[in-house]
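> Protein chains in written order, with my numbering: chain U, 5 to 364; chain X, 5 to 364; chain E, 5 to 364; chain F, 5 to 364.
Check the hints yourself; a few may be wrong.
Claimed, not checked - Heads up, simulated EDC-like pairs for lysine to aspartate or glutamate below, C-alpha to C-alpha not over 20 Å straight-line:
id : chain 1 : residue 1 : chain 2 : residue 2
1  : E       : Lys107    : E       : Glu226
2  : E       : Lys117    : E       : Asp295
3  : U       : Lys107    : X       : Asp133
4  : E       : Lys117    : U       : Glu121
These aren't lab readings, by the way, just hints derived from the structure by calculation.
4 protein chains.
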Amino acid sequence: MSCINGKDRINDQKNNKRCKQNVMASNNYADYLQLDKLLDSQTMLSMQNGKVSYDEHLFIVTHQGNQAYELWFKQILFEMDIVCKLLSGNLWNNEQEMFNILKRLGRISSIIKLLLEHFGVLETMTPYDFAEFRDYLKPASGFQSLQFRMIESKLGLKRENRVNCCKSYTDCFNGKKYDELERASAEPSLFSLVCHWLESIPTLKDNIVWDQYRRAADNWLERSTESDISCLEKRRKLMDTVFKCDQHKRLVDQGNRKFSHMALKGAIIVYAYRHEKGYTLANKILESLVDIDTLLSKWRYSHFVMVHKMIGSFSSGTGGTTGSEYLRSTLCDSYRIFIDLVNLPALIVPAIYVPPLIKH
Amino acid sequence: MSCINGKDRINDQKNNKRCKQNVMASNNYADYLQLDKLLDSQTMLSMQNGKVSYDEHLFIVTHQGNQAYELWFKQILFEMDIVCKLLSGNLWNNEQEMFNILKRLGRISSIIKLLLEHFGVLETMTPYDFAEFRDYLKPASGFQSLQFRMIESKLGLKRENRVNCCKSYTDCFNGKKYDELERASAEPSLFSLVCHWLESIPTLKDNIVWDQYRRAADNWLERSTESDISCLEKRRKLMDTVFKCDQHKRLVDQGNRKFSHMALKGAIIVYAYRHEKGYTLANKILESLVDIDTLLSKWRYSHFVMVHKMIGSFSSGTGGTTGSEYLRSTLCDSYRIFIDLVNLPALIVPAIYVPPLIKH
Amino acid sequence: MSCINGKDRINDQKNNKRCKQNVMASNNYADYLQLDKLLDSQTMLSMQNGKVSYDEHLFIVTHQGNQAYELWFKQILFEMDIVCKLLSGNLWNNEQEMFNILKRLGRISSIIKLLLEHFGVLETMTPYDFAEFRDYLKPASGFQSLQFRMIESKLGLKRENRVNCCKSYTDCFNGKKYDELERASAEPSLFSLVCHWLESIPTLKDNIVWDQYRRAADNWLERSTESDISCLEKRRKLMDTVFKCDQHKRLVDQGNRKFSHMALKGAIIVYAYRHEKGYTLANKILESLVDIDTLLSKWRYSHFVMVHKMIGSFSSGTGGTTGSEYLRSTLCDSYRIFIDLVNLPALIVPAIYVPPLIKH
Amino acid sequence: MSCINGKDRINDQKNNKRCKQNVMASNNYADYLQLDKLLDSQTMLSMQNGKVSYDEHLFIVTHQGNQAYELWFKQILFEMDIVCKLLSGNLWNNEQEMFNILKRLGRISSIIKLLLEHFGVLETMTPYDFAEFRDYLKPASGFQSLQFRMIESKLGLKRENRVNCCKSYTDCFNGKKYDELERASAEPSLFSLVCHWLESIPTLKDNIVWDQYRRAADNWLERSTESDISCLEKRRKLMDTVFKCDQHKRLVDQGNRKFSHMALKGAIIVYAYRHEKGYTLANKILESLVDIDTLLSKWRYSHFVMVHKMIGSFSSGTGGTTGSEYLRSTLCDSYRIFIDLVNLPALIVPAIYVPPLIKH
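One chain only, chain U, in its complex shape (with noise of 0.2 Å):
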């Protein structure tokens, strides 16, 4: 946008405006909202004859927790698109573009914590009500939301990461929306994305930096003043699984680490040097991926909690599963796409042992 001139600029918009007009002739806020087919998609049962029955009403809080579920969803991936778009292009040298992921990023970060908020009013429903009719209604949850199924694959959770009952999309897709998944699964995902722009970091084209970095980490475990022998131990093991290639990758196959080695490697130069000019965005994102991750994880939670409360637990002694156990294990870290980003806290060495950036 900013290469185009003035002039230009401004017969650009007077047609945009002009295809605006058309759509939004009436200037009619209900015809804009397309109201009446979005409020339409909740008639329903035997409404229509003037008698509602009790259990409806409780039908209808969920339905309406569920649509605005799928409107928020709706939202996330279009924000994530945009994101993945992004991600694409040449970030290291485009801060304006840095910014924009960061606002995106942000965005999806607020609508999730919005997401937590409508726990409140569908738990206005109680469990006993909700008990009645049991045996027609199943608790409806994300589990069977196409659109939450793309977020997941869309932020890079893997077909072989996923639980059993969900490997297959065909548990409950099929047709349109099986090729739908299938095909959001086959593109490339954030995860993937933020991996190869961390890959790509500059500083790591060479040695340098990351070597002087593994000296770094030598002084300290030198120097540690750790008076715990075992402890001092561990923590030269952890640092082993950074700076040796092959114990990393016996991490990965074990399903304890995700990035590839030089992505790791990058997103811990990018902490080391979140101070220096050109990483301070960068290491921004990578916050606003541990928010998103972390955020997820909450709803995650609160989604168990709450579809626990509202059916019981059939499992108490006597086996089986139930939609809530299905929720209680997707709580893995296997599910937490960005967890190397979540560990890698104990994985960096204090910032008094880090030399300044040598610029190249």
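Knowing the structure of chain U, use the given hints to seat chains X, E and F on it.
What follows is chains X, E and F alone, placed relative to chain U:
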């Protein structure tokens, strides 16, 4: 429901079940939520040609926010209808229905609290991004929302208490929508039903309890240790507006009170005897109405503040009105339906002066 | 209070007033809040010499957060003490006290909700700023908070259900504090008082209602339209854990149930007859206990997630435990005091099978 | 910090560490938080004699709420001091310090958001419980809080803009406290430092960029497709208040604008060129100031609404003021420090008319 016996209920339930199975035959989350219809109501503008321009993103955020608002407005209207139906019955003898009302009012409060949180997402849009298409896009506001007007009308906001530009509903609505709004305004509002319910409080069928209460008030004013004479005088005058019907009426005529004198007396009795059997739930209903009134007022304020921030102010010294000035004008007490209940604590005789309730 | 007459109460109040006037003589906000003492408890480190180092700022944020937590923990303990006192009386005949309990439990929930919001401020600190003084500053955690341990103990968390490192209270506490904790553990907990209250439900004084309920359950299982045999079998087994005392006891021995059999029966009766006079409030009390349990579990999760984010994880593949792993371990069901009430919905016979309550 | 070499920093850190170890020698959470002092500041009234009266519970809830407020006010003051210090330097060349300011302002916003949530707990107290000791207990309010007045003063609220009853600080404060407040008012406020910073924007050292911007504005007004003549006229007048110094000054004299003309020009340039290198962060700082202003205004409103609800209103028709009326009066624009920034979007020329920034 309590009058039919177990067997009948089982049969009833079976029929009910069959009918539901038709609707939910596919047991499919997406069909069930009618997501195609819902999410389709957001396809927009030039997105079809693959080029999504920056401003359209903004468009989408407000859009999503407004659609989410409308979903929840619909739920509020739904709950209000049930509350109004229940209030039309003989509540004073029916604890279960009072509990039911409390639950519904509580849910409305929860929803408004959730709506308050929506601003967090909307405010991820900055005024300056927004400003760029100020010429095309009028800020979407509750102002033009049929459902929000209906909520106001059903609560009891009278046409004559609306600010000028909204007095006639023809400002934004016509045809079917105008009629719908007219019809909602013609039905008994929540305010009038609450009023009627308070007027019918059994304790006020004769004057015994009220006279006793009036003597308690006299006693209080006499024994007052208030050293400040002007303050005592003010309180005396205030109590006159409770006990002298003509003084109450004058306040009503000035627009400073809304309840009938009898309803005010009912509310006072409920508060004064809120620890007595039968009045505890009534008191909780009044508290819930105050909560809704208060939360709605906070929502209006947050809405005003957001719109002010988004479009700035044209009015600084140059006169004129804008969307935000309209919103500011609705913050006045005449828009607060249950303002009499909010003001009431200043009119209540302290408990220690009030003799126990004489049971009839 | 309701037994004394008006005059006595007025005198009583006057004395009360005189005493208060002494305390509040100065009518001074700062004295009244004892702000000197409060705010002085934050003077710290090298601030006195005018030089505030960057890390000390971080120090202060967590500090403030933890002090705020402690203030509210104190309030929770205060409300819990009142609830315990009220539960010790004969509640089944006393609606006013049940309302009072509900109010207190509701306030505890409100406080925990507020505590959940505190993470928003604490998380304005980034892990990498925090990492720089990892060597000095152990992450301040509820783990070491006497008041939080007391809340857990008073709720009913038994020493043997705590994770190993906290089984003996000598891990963090000694002297006066150890004694205080011991004393709190020795008093009847909220859990045991609730248990005792449910055991004393009048309806279970003989077997009439319970036998009727058991027949309703048989009826339900017989008429079940559940097509999946294994699922029906599972439900049958589950119901046996309700009706057969030895099966219930086995679950208790395995640590999968906490209530006594009689208390479980009481809870089921309250839920099953929650629309009957006398049980509605009891039911609401149980719901409030579930709310507190649920919110506390969310707080634990948020706390775990924050600490994990702050200090990362040493445990990825190298073994060992950290603060965050301790917090993760407290997320198990054995820390959830009212887990039986949370699990209960799966054990309830649908309302249509349950005959009306026989009044004794 | 960036200028000292690694070795020095390590030594520095060691000293620092030693000093901290003294403070935290015991590594004891309770000592570290000085909990004895903190929690002791809440021992109150007749609790010592074992009898806790109902009203004292209420007393404690507000008390706790107010103490929590004061804790967080202290943190706000702390962060404001740092921001003021950073603003005094030459910010335009220092990205790291601008990031630092942003972080601090963001934290202040987070804290105010948290303070907004406190009302949820305070409102678990009902007005009628509260009413019973209206005679003794004045509603505790920010009104009497020294720290809140200091926040207002440090933000830039001038004595002459306060409502009458607070113009002289002697209303609530004397001695040491009065002096402290006087001193805070005498120091350069956040407002004046922001003003000074905007005035020193390098781009305005000569008139080239500003003249170009003025021509863009003329161009915009000429090409306007606004069909409504009166509306266009209004906008023209509004733009005159930007470009004609005497018209700006008139608004300042009327109390309708607060910035100097030069600061206003600076803010406009920052907004207009917010996508240009160097102005993005400045723009984000202005946005953060608007956020704080907005959130504080919401806090004032929520505070007013709560106090109104608690004590009702004496003023309905009988005149007089109450605590809530004072709070209502502080909702006016003169209490909003950065109102000029809030109003600004209406004064900005759309981006398409603005030519690229000429680099000097």
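> Please go over all the hints and tell whether each is borne out by the structure.
A quick look at each hint next to the structure:
1. E/Lys107 / E/Glu226: violated (42 Å)
2. E/Lys117 / E/Asp295: With Cα atoms ~10 Å apart, E/Lys117 and E/Asp295 stay inside 20 Å; holds.
3. U/Lys107 / X/Asp133: holds (12 Å)
4. E/Lys117 / U/Glu121: Roughly 11 Å separates the two Cα atoms, so the pair holds.
Figure legend: structure checked against the earlier numbered hints; the only hint not met is number 1.
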